[in-house]
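K.L.:
Sequence:
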Amino acid sequence: MDYRFEDYPFGEGSYEQQDVKADLEMIREDLIDELQAINQYEQHIENLESEEAVAALERILEQEKEHVAELLRLIYALDPVQAEKLNRPIL
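Everything in the sequence shown is counted per the numbering used here, starting at 150 for the first residue and increasing by one.
To be clear, the hints were calculated from the coordinates, so they are not data collected in a lab. Be aware that one or more of the hints could be misleading.
Straight line, CA to CA, 16 Å or less: simulated EDC-like cross-link-like pairs of lysine to aspartate or glutamate [to be verified]:
| id | residue 1 | residue 2 |
| --- | --- | --- |
| 1 | 214 | 183 |
| 2 | 214 | 179 |
| 3 | 214 | 182 |
| 4 | 170 | 228 |
| 5 | 214 | 191 |
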């Protein structure tokens, strides 16, 4: 499902806009959690002795990275200001 800020026709401070802001806050908190999980899995992978455990955590790590991508796409769709900034070239 595509989410676009333009799909929410409301004025500044309206109830619907507050809902989108609340959604964005939760999504950003989820993004933080996913990024922290990636860091933790990478550390564990470096320190594990078991090849089976390493393989399992590597699969989980890839899932976490997909979660980050999905959350970024949601933020991009719901926040036009953030989307504009994400479209800028890296300096």
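K.L.:
Now look at each hint and say whether the structure bears it out.
P.N.:
Verification of the supplied hints:
1. 214 with 183: At roughly 8 Å apart (the allowed maximum being 16 Å), residue 183 and residue 214 satisfy the hint.
2. 214 with 179: holds, 12 Å
3. 214 with 182: holds, 11 Å
4. 170 with 228: holds, 9 Å
5. 214 with 191: holds, 11 Å
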